[in-house]
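**Q** Each chain, letter by letter, is given below.
Number of protein chains: 2
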Amino acid sequence: MKGIISKEEDYSQWYNDLVIKADLAEYSPVRGCMIIKPYGYSIWEKMQAVLDGMFKETGHSNAYFPLFIPKSFFSKEASHVEGFAKECAVVTHYRLKNDESGNVIVDPEAELEEELIIRPTSETIIWNTYKGWIQSYRDLPILVNQWANVVRWEMRTRLFLRTSEFLWQEGHTAHATAEEAVAETEQMLEVYADFAENWLALPVIRGRKTPNERFAGALDTYCIEALMQDGKALQAGTSHFLGQNFAKAFDVKFNTKENKLDYVWATSWGVSTRLIGALIMSHSDDAGLVLPPKLAPIQVVVVPIFKHEEELENISAYVKQLTKELKAKGISVKFDNRDTHRPGAKFAEWELKGVPVRVAIGSRDMQNGTVELARRDTKTKETVNQDGLAIRIEQLLEDIQQSIYQKSLTFREDNTKEADDYEEFKRLLDEEPGFISAHWDGTAETEQLIKDETRATIRCIPLNNKQEEGKCIRTGKPSSQRVLFARAY
Amino acid sequence: MKGIISKEEDYSQWYNDLVIKADLAEYSPVRGCMIIKPYGYSIWEKMQAVLDGMFKETGHSNAYFPLFIPKSFFSKEASHVEGFAKECAVVTHYRLKNDESGNVIVDPEAELEEELIIRPTSETIIWNTYKGWIQSYRDLPILVNQWANVVRWEMRTRLFLRTSEFLWQEGHTAHATAEEAVAETEQMLEVYADFAENWLALPVIRGRKTPNERFAGALDTYCIEALMQDGKALQAGTSHFLGQNFAKAFDVKFNTKENKLDYVWATSWGVSTRLIGALIMSHSDDAGLVLPPKLAPIQVVVVPIFKHEEELENISAYVKQLTKELKAKGISVKFDNRDTHRPGAKFAEWELKGVPVRVAIGSRDMQNGTVELARRDTKTKETVNQDGLAIRIEQLLEDIQQSIYQKSLTFREDNTKEADDYEEFKRLLDEEPGFISAHWDGTAETEQLIKDETRATIRCIPLNNKQEEGKCIRTGKPSSQRVLFARAY
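So the protein sequences, as listed, match chains Y and B. All the letters of the first sequence, read from the start, carry residue numbers 1495 to 1983 under our numbering. All the letters of the second sequence, read from the start, carry residue numbers 1495 to 1983 under our numbering.
Bound-form chain Y, shown alone (with noise of 0.2 Å):
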């Protein structure tokens, strides 16, 4: 496509162009925050519907606290301070006024008492509401999300993967027992994994989180683990087992069935618009994105390809038919009939775009009772009958869905290799990046050693991990199971 490097000459700036020229988004005027425009908008809100419909599912309800936080809630949980209460957005005034130029000026007269932080995640003030909603078991579970904004002020942002304000999703949960929370934890993680793998073609490594990696408070992070087109890892979500630290911060105690009293267990669990980011990165390519059919905001494109009005017509009346029939199957279609631009430009345009089945239908087409059917993912194109096109395509978007979601499996066991010494695992990294499966001592020293000296990390340790005996591929320590590494957006 005009104006995108192909994807083999920098990954990075590929990936940047096609955000832009895609029409997903762009940075605003301030540092480090996007404007998410109308189509990747309109990714995020597919994305929406079905999590939120899965989150509903599953027994949760939505609610919306403030994005303001007091600052002193950060010191309350000591972990959690160290890892958020670091680069965050503070306010510290309510008012502006004109100075005697005229200029607007903050008004030095109205400082907040207390600073009030711009939620970076809401933990603290979630918790510290529940102590008023919870008395006994029989206020529990509560089963809480909410979608909202957040901020976390970054030095290096990138398009969806990491801007200083993003939109999310964070589940928050209270729970009469850590059982309960444990198993709500890994039901998330479950809802996630089912979400990447099933809409978003995307296949994940359930896993957990070493402790070093684990979210600020909590007790055990559970997480997905994807593989990006260039062999670097991404996060695409995470599901977080708090015990009873939240509740201990904020005195959120309950009584019990047996008429103790006891603090209330916890977890929270969230995904982003960094999930755009992952669609991107997985499946498009140098012609632009490839979109799963499940997500994409219109999942047929029509083009007609006529010089005369009269032919444009003949053939409008048959796509009018075709689309009532699409749409009776839920079938988004999009019938490009502009006169302003050629059918190769538009070709291109949605290419570009990435919607998942192109048909163009010519005066020849109308004769013979034929249009081309074109998919994205492949680029391969035939020439079938109209009669029975609309079944055809339903199933043509459910190949492709399929068909995306082996491609990137395929990609990532082919880029899943074993390293049994660290020579071996350095060149990995540099030569044949992915994920490197291997042996580490369990230390938090020699997972930093690792990550300074190769900018790799430990990913996860997968669920359901095979044990085996081997040696720390840095120390030479014993080790009882291999851990995935890579190095990660």
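Check the hints yourself; a few may be wrong.
[Stated by the list, open to error] DSS-like cross-link-like pairs, simulated, lysine-lysine; straight-line CA separation at most 25 Å:
1. Y:Lys1873 / Y:Lys1788
2. B:Lys1515 / Y:Lys1540
3. B:Lys1625 / Y:Lys1515
4. B:Lys1501 / B:Lys1920
5. Y:Lys1821 / B:Lys1550
6. B:Lys1840 / B:Lys1801
7. Y:Lys1625 / B:Lys1515
8. Y:Lys1550 / B:Lys1823
Keep in mind the hints are simulated off the structure, nothing from the lab.
Keeping the supplied structure of chain Y fixed, place chain B upon it in accordance with the hints.
**A** Below, chain B alone, put in the same frame as chain Y:
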């Protein structure tokens, strides 16, 4: 209802009690910010879904713009700065750190070069963006909406009606001609009026604001005004024709069809979580919420009356079938089979929460093939046959929707009066509050005088207002039409 003061005794307290007791919302520790609880949020979600559908039906797409606006942007549109660059939350720093004593403090070294304002509304950041999107008439119109949180630092707050942070949607459109922009402004007013009347069951007056009451930066502000049960008016939505003001402020020009350079024409329009306040205040009673069936999160509650487990089993089997039939009609049902509450307590709880229809079933009903059917709005009940119950409930829901609209309309008509002299005007305001239709000389000075003397404001000049000669109630100067006054929220 226990814990709620009567509406007659103290309308304002009644409202607050109701919001809290019905689990809609509560105050947060951050001054003036609210927590929207799951039940309250589920009403907002229903509103969002309907409005979002209406926006898309009229050709709009959603997008997302940053929370932060550089301070300098507010100085660019002269009247906008007057209206909005006042009570704003101002971000001045981007980092926290621990001081020597381990306390979390704002890092004085992390001061922003230019302060950032939390958006009170997004015209400035959006028109700064549109500059990059618009070159030619071919790029127009731009029809974009955003669902977002905004902040206006309020000193006197009230849940849903006036909070420092609130949720809303803001439409921002760009057009090639003034006519097209005015048509858009009027179209969106009609969308809001349609939504208010046919979904909220809230009759509204469509009108225009006086110059005094216009949105800061608008050439014309259209509004819908509703009358609450205490006779105070509430502005339920606004739609602004912004002329070329923002295009000029942000230098957004386009090549016209005639190949001339012109500034782009703009509109903006919004409704907010304030609508939930309007909903509560217009229909509810001393027993709790009365929700219009079309927006009620739960439309039907079924309460079994039983002593023994076998009775419940028998009833449950029937309810399962009924639920299936209702769900097939798109009707949401809650089967309240808790054994921890007596039926009376359940009745009171669902009345408080405004569930439109209640079905109660005991063992005798099961023998007789009947149920007790109660409607929330009139609190009437009757014993009806189980045969055809789903159809009957469907009709009853429609009936309730119509009925509460009619009741509100009758109330408004009864409480809209003409005043032809100032004494009568003041007497009406104090003794028979409602809309007052009165002559006004058309000047901002008189409008302000009346406001200062009576706390009544001109709510709007109704669309297609009857023209008639008269004298201003305050100054006696000639007037060509009556306008609508009221005290307002």
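**Q** Determine for every hint whether it applies to the structure shown.
**A** To see whether the hints hold, each was checked on the structure:
1. A C-alpha spacing of about 18 Å is found between Lys1873 (chain Y) and Lys1788 (chain Y), which places the hinted pair at or below 25 Å, so the restraint holds.
2. Taking the CA atoms of Lys1515 (chain B) and Lys1540 (chain Y), the gap is near 35 Å; set against the 25 Å cutoff, the hint is violated.
3. Between Lys1625 (chain B) and Lys1515 (chain Y), the direct Cα distance comes to roughly 17 Å. Compliance with the 25 Å bound is thereby established for this hinted pair.
4. Proposed proximity of Lys1501 (chain B) and Lys1920 (chain B) is supported: the alpha carbons are some 23 Å apart, at most 25 Å.
5. Using a Cα cut-off of 25 Å, the hinted pair Lys1821 (chain Y) and Lys1550 (chain B) holds, with the two alpha carbons roughly 16 Å apart.
6. For the proposed pair Lys1840 (chain B) and Lys1801 (chain B), the alpha carbon gap of about 15 Å is at most 25 Å, so the pair holds.
7. For the hint pairing Lys1625 (chain Y) with Lys1515 (chain B), the CA-to-CA distance comes to about 17 Å; that is within 25 Å, so the pair holds.
8. Taken as a hint, the Lys1550 (chain Y) and Lys1823 (chain B) pair is honoured in the structure, with Cα atoms around 20 Å apart against an allowance of 25 Å.
In this structure, only the earlier hint numbered 2 is contradicted, and the remaining ones agree with it.
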